[in-house]
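Using the sequences and the hints, build the whole thing.
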Amino acid sequence: MARTLKGLKPGEKGIVTKVSGGTATKRRLMDMGITKGAEVLVRKVAPLGDPVEVKVRGYELSLRRADAENVDVELSK
Amino acid sequence: MSFRFALVGNPNSGKTSLFNEITGNTQYVGNWPGVTVEKKEGRAKKIKDDVKIIDLPGIYSLSPYTLEEIIARDYLVDEKPDVVINIVDATNIERNLYLTTQLVELGLPVVIALNMMDEVEAAKDKIDIDALAKSLGIPIIPTVATKGRGVNELMQKSLQIAQTAAVGSATGKSLNIFNKGIEKYITEAESALAAHLQDIPFNPRWVALKLLEGDLKIIDRLNLPGKLLQEIGQRRDMLEEEYGSDAETIIADARYDFISGIVKKTIERKRSQGALSTSDKIDKVVTNRLLAIPLFLAVMFVVFRITFGALGSFTIDWVDALINGTIAGTINGWLEALGAAEWLHALIIDGILAGLSSILVFVPQIMILFLFLAFLEDSGYMARAAFIMDRLFKRLGLSGKSFIPMLMGFGCSVPAIMATRTLENEKDRRLTIILTPFMSCGAKLPIYALFAGAFFANNQSLVVFSIYLLGIVIAILSGIILRKTVLKGEPTPFLMELPPYRIPTGKGLLIHMWDRGKGFIKKAGTVIFAAAVFIWFFQTFNFSLKMVEDPANSILGVIGRGIAPIFSPLGFGDWKSAVAIFTGLLAKEVVVTTMGILHGLGEVTESSTSLIGAMQTYFTPLKAYAFMAFTLLYMPCIAAFGVIKREMNSWKWTWFAVGFQTAVAWLVAFVIYQVGSLLGF
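Residue numbers (this note's numbering), protein chains in the order written: chain A, 1 to 77; chain B, 1001 to 1681.
Since the hints were derived computationally from the structure, they do not count as laboratory data. As the structure is a computational prediction, the values presented were derived from the model and not from experiment. Keep in mind that the hints are not guaranteed to be accurate.
[As the list claims (entries may be wrong)] The calculated SDA-like cross-link candidates involving lysine to any residue, where the alpha carbons are at most 25 Å apart (straight line), are:
#, chain 1, residue 1, chain 2, residue 2
1, A, Lys9, A, Asp50
2, A, Lys18, B, Gly1244
3, A, Lys44, B, Gly1244
Laid out in structure tokens, this is it:
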């Protein structure tokens, strides 16, 4: 089922299928390793509900839900 | 022979430690030309040849979206250092190598310092360094920068490369980053450029890639004929059509695919992706839904408790006794023995010494606070604090990136305002610049220490803590108001690395603390010294340059009485406070210096609470609190004002910023004093 990174719950994993958004947003996401084929594990949500912490390419990255919405993922196990 | 080595790497890769380890005490700090980003340079010690080390800003990529990236890129392509030392975090190799794949394309010799190898060993991970070096086509030296391990080998290797120059051309082509399909377009773009090589001072393959990506910065700089750009533009369209995406994405994807391939072959991680490391376990508690915010407040409170508690007061008493007791007594003795004139005696003891001592007593306290900030930063907690608090910043319409400048604002507004350069969006930057001075800077600390010590002796740390919180609350409210009125706009993306928790090294902490704190000592010797002399002079003489008996009739007294009525509704309408606020614009510490001189601390006493006693006759606790609130919020010092002007690049915005801050300060102090009086405080 197609969904975005924003839709993943803590503990869920996804494979990135597409990164969209404005030039700067997209570039930032890609520079930080969120590119097609990358596996992203959602670690947790910040106490106030945003941002989220994900594990990607072996490190921890924090990003906002609004930006996570630009990342299409395929749920993986 | 003399060489230049550039140090390039991701933030949190240990670049600063490595730089300190290589250069020792030879480093000096300047600015990159035309911008306010700090430029650090030094000489490689332990090497006979003259090697200059240039520390480039910490970056994740050479894409031209932030000022740091542009600076680093411009330096590399324009200055062409002899060797690029790329520091790579071995625990986070995949993302770190992304920058490496871009660096090698510049056509400069690259050496990798594979750092934090001790952590890799501790985790029992295996990295086949030889195979990795072979797949990347560049030499790799394993290092542990914090312990100095591998640093000599790294320098020897770099030197060897510099001396033999161009050991194998480390260009992206030989790396085979791109598949044949993409490579075809790059080669075509490169051949299209072949006829214009005399106009291109950079590596043509790199330029070809940049033009294919549609990098506007490069297009602007090179001034190539329109026909050529059009031709390459067509290639871009074809590439994008063939791969069903935009060129930037296609190229970035290819880089990461290339890296994943290498990493799979050369690195064996003991732990699976989902498994929890010690760092993750700490994080589970620190950023826990329920615990995170109470823990954050508790950490901050403990820092204040120690800084302003028994330890802080002890250091104040100690320095006070040293300067106003021992040193003043000795100088007094000398002056009397020499039979110095009365005015000289007054200048040295009442002016210079009283002025300097009022600041120097707080130096140990400031150092303690900075030591804590360094610990929080180096341990990785600061990034978590940004993670926890980001939501609040979003409400202000600010990106969490504003959190870093604002945190730095607790040290000094000058570098903090400079740090707003990392914000890509202009409105975000303006708003952050206006709000940052509300974060109470270290120079204001002596003011609180003085007043809280005098009027809230039993709750000193609590009162100072509340002033810091007041600054944060006012910043939030101001942010909301400004965002809805003069600075409307969309927030920018917020992506931040959360580095693993690390135990900072003592040496690292001390360097970090000293980097920040030395400015205060320097200021005490220059600005504050000069201010003390001027203040003493203007409060000793009247307009006809005659010494006055009562300072109220002095030049400062007359000016002070002129502006004092503005502050009457705030509870401190006496001329001495007015003068202190005015002179505080030189540097905030001068508020205390002025108080010291104006309240006549010339008489050398053994009492450590000399100034505090004098204050108690002028202020009540409520007035003192209103005064602290005013000094917290009003227009920052001249140095910060200058940086605001430079960063805003507009007089209109600069005056708006300081006008807004001063108006807010007046209003808040007014409310505190008036409401407090009504409530009977």
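Now for the hints, and whether the structure bears them out:
1. Between Lys9 (chain A) and Asp50 (chain A) the CA atoms are separated by roughly 13 Å; this keeps the pair inside 25 Å, and the hint holds.
2. With a CA separation close to 11 Å, the supplied pair Lys18 (chain A) and Gly1244 (chain B) stays within the 25 Å bound.
3. Using a Cα cut-off of 25 Å, the hinted pair Lys44 (chain A) and Gly1244 (chain B) is violated, with the two alpha carbons roughly 33 Å apart.
The structure fails to meet hint 3 from the earlier list, while all remaining hints are met.
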